[in-house]
Each structure stands twice: as structure tokens, then as C-alpha cells.
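Going down the list, the protein sequences come from chains A and B. Be aware that the first sequence starts at 1, since it is given in this note's numbering, and climbs by one per residue. Be aware that the second sequence starts at 1001, since it is given in this note's numbering, and climbs by one per residue.
Errors might be hidden in some of the hints.
Stated by the list, open to error - Selected chain B positions facing chain A (Cβ under 10 Å, derived; list incomplete):
#1 Leu1028
#2 Leu1044
#3 Ala1049
#4 Leu1051
#5 Gln1053
#6 Phe1078
#7 Ala1111
#8 Gly1126
#9 Trp1142
#10 Gly1150
#11 Ile1268
#12 Val1272
#13 Ile1282
#14 Ile1293
#15 Leu1300
What the hints assert, rightly or not - Pairs of lysine to aspartate or glutamate residues, derived as DMTMM-like cross-links and limited to a Cα-Cα distance of at most 25 Å, are as follows:
#16 B/Lys1143 <-> A/Glu228
#17 A/Lys98 <-> B/Asp1018
#18 B/Lys1072 <-> B/Asp1084
#19 B/Lys1079 <-> B/Glu1068
#20 B/Lys1143 <-> A/Glu41
#21 A/Lys15 <-> B/Glu1207
#22 A/Lys15 <-> B/Glu1215
#23 B/Lys1304 <-> A/Glu103
#24 B/Lys1158 <-> A/Glu41
#25 A/Lys54 <-> A/Glu229
#26 B/Lys1120 <-> B/Asp1018
#27 B/Lys1143 <-> A/Asp64
#28 B/Lys1072 <-> B/Glu1060
#29 A/Lys74 <-> A/Glu228
#30 B/Lys1158 <-> A/Asp64
#31 B/Lys1143 <-> A/Glu229
#32 A/Lys74 <-> A/Glu169
#33 B/Lys1072 <-> B/Asp1059
#34 A/Lys54 <-> A/Asp64
#35 A/Lys54 <-> A/Glu67
#36 B/Lys1143 <-> A/Glu169
#37 A/Lys54 <-> B/Glu1149
#38 A/Lys54 <-> A/Glu40
#39 A/Lys54 <-> A/Glu169
#40 A/Lys98 <-> A/Glu169
No lab work stands behind these hints: they were computed from the structure. Where is the CB? At the ideal position from N, CA and C, for every residue including glycine.
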Amino acid sequence: MRSDKEGARAPLGLKIAAGLGLAFLHLPILLIFVYAFTTEERSYQWPPPGFTLKWFGVAWGRADLWEALILSLKVASLATLLAMLLGTLCAAAMSRTKFFGRESISLLIILPIALPGIVTGVALRSAFNLAEIPFSFWTLIIGHATFCVVMVYNNAVARFRRLHGSLMEAAADLGADGFQAFRYVVLPNIGTALLAGGMLAFALSFDEVIVTTFTAGQQQTLPIWMLEELVRPRQRPVTNVAAMVVALATFLPILLAYRLTRDGDQTAGAGK
Amino acid sequence: MTAAEIPQSRGLRGALSDWFWRNPGMTLFLMLLPPLLWLGIIYLGSLFALLLQSFYSIDEYSGLINREFTLKTYAELFKPANLDIILRTVTMAALVTVGSAVVAFPIAYFAARYAKGRWKAIFYLGVMLPLWSSYLVKVYAWKLILAREGILNWTFAKLHLTWLVEAWLALPIVGGNSLSVSHTGTFLVFLYVWLPYMILPIQASLERVPGNLIEAASDLGATPRQTFWNVLFPLALPGVLAGSIFTFSLTMGDYIIPQIVGTSRRFIGQAVYAHQGTAGNIPLAAAFTVAPILIMGVYLWFAKRKGAFDAL
Chain A
1 MRSDKEGARA PLGLKIAAGL GLAFLHLPIL LIFVYAFTTE ERSYQWPPPG FTLKWFGVAW
61 GRADLWEALI LSLKVASLAT LLAMLLGTLC AAAMSRTKFF GRESISLLII LPIALPGIVT
121 GVALRSAFNL AEIPFSFWTL IIGHATFCVV MVYNNAVARF RRLHGSLMEA AADLGADGFQ
181 AFRYVVLPNI GTALLAGGML AFALSFDEVI VTTFTAGQQQ TLPIWMLEEL VRPRQRPVTN
241 VAAMVVALAT FLPILLAYRL TRDGDQTAGA GK
Chain B
1001 MTAAEIPQSR GLRGALSDWF WRNPGMTLFL MLLPPLLWLG IIYLGSLFAL LLQSFYSIDE
1061 YSGLINREFT LKTYAELFKP ANLDIILRTV TMAALVTVGS AVVAFPIAYF AARYAKGRWK
1121 AIFYLGVMLP LWSSYLVKVY AWKLILAREG ILNWTFAKLH LTWLVEAWLA LPIVGGNSLS
1181 VSHTGTFLVF LYVWLPYMIL PIQASLERVP GNLIEAASDL GATPRQTFWN VLFPLALPGV
1241 LAGSIFTFSL TMGDYIIPQI VGTSRRFIGQ AVYAHQGTAG NIPLAAAFTV APILIMGVYL
1301 WFAKRKGAFD AL
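Chain A with its partners taken away, still in its complex shape (with noise of 0.2 Å):
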């Protein structure tokens, strides 16, 4: 509880800081929309010249952006499904009970997002190589989904532990079977959590460019595209029409997710 006070007002020097602080986080992406409707095609010149949808229609029209995006999809999919697969196992096992060694499992979990990005890529690249293993769209899948387990975990574990054990027994005393059980009980109270924690993997697999650089070979992501446009920049104008899709994309799963989030508080058996 926080209304200390009805009425409570927050310092005027606070609502500056805050306000200028949420106009920092979002300006800047807000002009990546303005961009993309420059007609300026050699600089980031700034008050643009003039406005164009010509653009938009260029990069319509260009095949190595649509395979780009194609494969980003695909790769997101596929590590998305085996993270959820993966994390909510996990989840499951690790909220049912207390057992040795459960610290030092949810922490292997988080390792690959909290060691920093570039020593998961380099481990993954140098084994493919001492394995011998080519690199190939399966090694990208790889270092994707060893990265998303977690957004699924995450999700699912905090879901798991807010659905009452008792539950699983009144299914059992009403004659359902641990499948049963699972498939009519746990399922649709974990569901959106699951949903809500593939988004997320999605997300950051879409976006993802540290571990792609290192697990891919000659495929091109969206991010690895972005990359090469940004290092050495070619075709300005696409590349900020590109950027704004992006800026699009991410943002419909994360509003889809917290909303799924949010209505799903009200767990069945929470007991709070």
C-alpha cells in the first residue's frame, strides 16, 4: 500500500525528472517513425527534407529483406517452441517440491542471460569447432534456444507455484488421470503464462544479434541485416524502413503478453 495520503502530490521536481526520463526512453524511437519517411537518401540529415512513402515500397520489393525476415521468423519459432518445451519441464519439475541441488539448477537456467552475451556466443562457436560441427541453420537454433529456456521458465515457474497442489489431488480424487489431470487442470491455469513467457522468447530471439553472429554461418537474420547496414551503411532510406517494421513487431507481442500477464493474476487456487 502507497496512498499514504489521499491526495498525496508528488514533488514538482519529481514529475520533471520522471517525465523527462520516459521522454528519454521513448524520443528516440519514436524518430526511428520519422525517419522512415525521409526523402533524404545519403545522410541522417535532421529536420528531414521532405516525406515520402517511396521507401516503403523499395523495401517491399527487396528479396534479401524478405529472406532475412523469413529465416528470423522461423529460427524464433522453432527455438520458442523447444524453450517452452524445455522451460516449462523445468518449471514443473521445480516448483513440485525441494530436492538437492535446486539452487544450482535455477541457476544454471539464468546463466546464459546473465553471463554476458558474448562469452555464451564464443563458448557455443569454439565447441561447434572443436566438435566439428558446421555451422548451419541448426547451430543458430541452438544458441537460441539455450537462451530463451529462461523466458519461459520464468513465466511458468512463477505460475506453477501460485497453482495449489491441492488441485492436482481434487482431479485425482474426481478419477482423472495424471494426464488428465495435466491436460484439463494444470494446462489451462498455466496457459497464459506459457503463452505470455513463449512471446517474450520470441522476442528476444527475434531480436537477437550477439549469439546469431557466433552460431550462424552463412544465414542472415533480420538483426545480422540490420548490423551490416549499420557497420557499413549502404542503403540508408531501406534501412530505416526496415527499422520501423522492427520497432512494430516487437512492440505488438509485448503488449499481447502483458496482457495475458495481467489477466491471468487471478490463478484458480491461488488461496491469496
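For this one, chain A is given, so just place chain B on it according to the hints.
Below, chain B alone, put in the same frame as chain A:
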């Protein structure tokens, strides 16, 4: 739901289900097996392989990797040029951490204590959306902002403050030819990109402060300022520490931001990237990655002692 809707289980499936029920230990083991195999073999295996390779060395003449245990590669880390890289990276990570704590605190404080209802949701999404927006898009946005012909210089020119930017850029270390090739630019982009990671834990720790604690403080005659410094701020510190884990670790491991916005002086990430790539010096790259792992290890140990993990 009535029992009639769910068919009674029989046969193999029923037997399997019964077996799971009777052997909770085995069930637990079977559930944990796939994720542990994955993370244990693929991830930990790779990490250990990397650590192992940091004890190899590279033959200076042939460029081949000599697979004999040696500390030579680690000794190389302490050459002035390499030590410089580590020091520069740690300094930048520390500055970014302090900077983001300063910028994040008012946002988190307002969101936790004053924002209600709709504003609460706006602040929450206002932090979540930038947090989850594409990293490269954010970096790209800053490339647009910091460009010589970009919006920042334009704004300063409109305010007749161009001389201020130029005076800043003339300073040693933080300055440079233009903002986009200076350490100041690198700092700004780091600050921007990792800021949400600092806001969320601070907000979480402030929200856990019970309201009656504040009331008690004012009942005992504390001014709002005293309440803030003596009650709220100490309780928010674990949150700041938790956020600093992210900002510190993320800054230390990044090699893309300093490559796109910054000077030609390297950071740890760039050194690792260069050594494992074109130079083919995996042992030195591996030794370089040990530096952030060790620093983070010490940092995490310290943070854990100060209770930062409860604030995550």
C-alpha cells in the same frame, strides 16, 4: 466438469499415469532430464571447453594453437594494451551503472509511489516497451540522433549552444571529432539501452516498502526529505544493486555499441570478437572472456550479500 465428460483411463496410459504417481522421484528426474541435458551438455560443456582453451596458447610464428597447459595467454592479458582495454570497459560499465541509477530513480520512484490507475499502466508499459524494443533499432536511433547532421546538433544550433558541444568535444578522453565517435556518445547509447533494466528492480523494491512505514516516519516528525533519505532510500538500495547487475554485466559484454558509436579504442567485447575471428587466437579470446566472468562473479557475490537477489 462432470466425471462423465472425461473418459476413464485404462491400458498403457493408465498404467503409466499410475507409475508416475507412485514414483514422484523418478517423475521429477524424467522431467528434469531433457532441460538439464540441454543446458548441461550444450551450454556448460561449451563454457568449460572455452575455459580450457584459455590455458592453451598460440604459436606466434605458425599461428597454430598449441594444446599444452600454460598460463602464457593469461600473462598476455596483463600487457599494458590489454589491461587498458579491461580498465576502459570496467570504467565505462561503472559510469553507465551510476548514470542509469541516477536517471532511473525518479522514474521508478514516481511509478512506485505516485502513479495510480491508468498512469501506473502507462509507466509500466512506458518502461517495458523500450526494454523489449529491438536492440539494434535503438542503437540505430542513436546513430540518427548523434549524426553530425542529426537532431541533437540541430537542437543545440537552434538554442545557440553549438559552442557548448564543441567545448565538450574539445575535452580529452570524453571528447572527439564528433559525438558519434566519442566516448560520450558510447556512454549515452549504453545509458539509453540499459536504462529499463535499472528502472524495474528499483521500482519493485520501492513498491515493497509498506505505506505505514512512511506514515510512522512522519508521525515521528520526519520531514518528507528526511523520510526519503532515512527510510525510503536505504530500502531501495537492494533494488539499485539488482539493477546494477544488469547494467554492469550488459555493458561489459557488449561489442556492438562501441563499434557503431564510439572511438577506435577497444572494449573487452570487441577484443574477444577480434581475437576469435580474423586473428584466430581463440586462447586469448577465451582468456579475455574470463575477465568479465570473474568480475561478474565477485560482483554477484557482493550483491548477494547485500540482499540484491531478493529485489530481482
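To see whether the hints hold, each was checked on the structure:
no., hint, in the structure
1, Leu1028, "holds (5 Å)"
2, Leu1044, "holds (7 Å)"
3, Ala1049, "holds (5 Å)"
4, Leu1051, "holds (9 Å)"
5, Gln1053, "holds (6 Å)"
6, Phe1078, "violated (20 Å)"
7, Ala1111, "holds (7 Å)"
8, Gly1126, "holds (5 Å)"
9, Trp1142, "holds (6 Å)"
10, Gly1150, "holds (5 Å)"
11, Ile1268, "holds (8 Å)"
12, Val1272, "holds (5 Å)"
13, Ile1282, "holds (6 Å)"
14, Ile1293, "holds (6 Å)"
15, Leu1300, "holds (8 Å)"
16, B/Lys1143 <-> A/Glu228, "holds (14 Å)"
17, A/Lys98 <-> B/Asp1018, "holds (22 Å)"
18, B/Lys1072 <-> B/Asp1084, "holds (18 Å)"
19, B/Lys1079 <-> B/Glu1068, "holds (21 Å)"
20, B/Lys1143 <-> A/Glu41, "holds (15 Å)"
21, A/Lys15 <-> B/Glu1207, "holds (18 Å)"
22, A/Lys15 <-> B/Glu1215, "holds (22 Å)"
23, B/Lys1304 <-> A/Glu103, "holds (14 Å)"
24, B/Lys1158 <-> A/Glu41, "holds (24 Å)"
25, A/Lys54 <-> A/Glu229, "holds (19 Å)"
26, B/Lys1120 <-> B/Asp1018, "violated (48 Å)"
27, B/Lys1143 <-> A/Asp64, "holds (23 Å)"
28, B/Lys1072 <-> B/Glu1060, "holds (12 Å)"
29, A/Lys74 <-> A/Glu228, "holds (20 Å)"
30, B/Lys1158 <-> A/Asp64, "violated (40 Å)"
31, B/Lys1143 <-> A/Glu229, "holds (12 Å)"
32, A/Lys74 <-> A/Glu169, "violated (40 Å)"
33, B/Lys1072 <-> B/Asp1059, "holds (11 Å)"
34, A/Lys54 <-> A/Asp64, "holds (18 Å)"
35, A/Lys54 <-> A/Glu67, "holds (21 Å)"
36, B/Lys1143 <-> A/Glu169, "violated (58 Å)"
37, A/Lys54 <-> B/Glu1149, "holds (22 Å)"
38, A/Lys54 <-> A/Glu40, "holds (11 Å)"
39, A/Lys54 <-> A/Glu169, "violated (62 Å)"
40, A/Lys98 <-> A/Glu169, "holds (19 Å)"
Checked against the numbered hints listed earlier, the structure breaks hints 6, 26, 30, 32, 36, 39; every other hint is satisfied.
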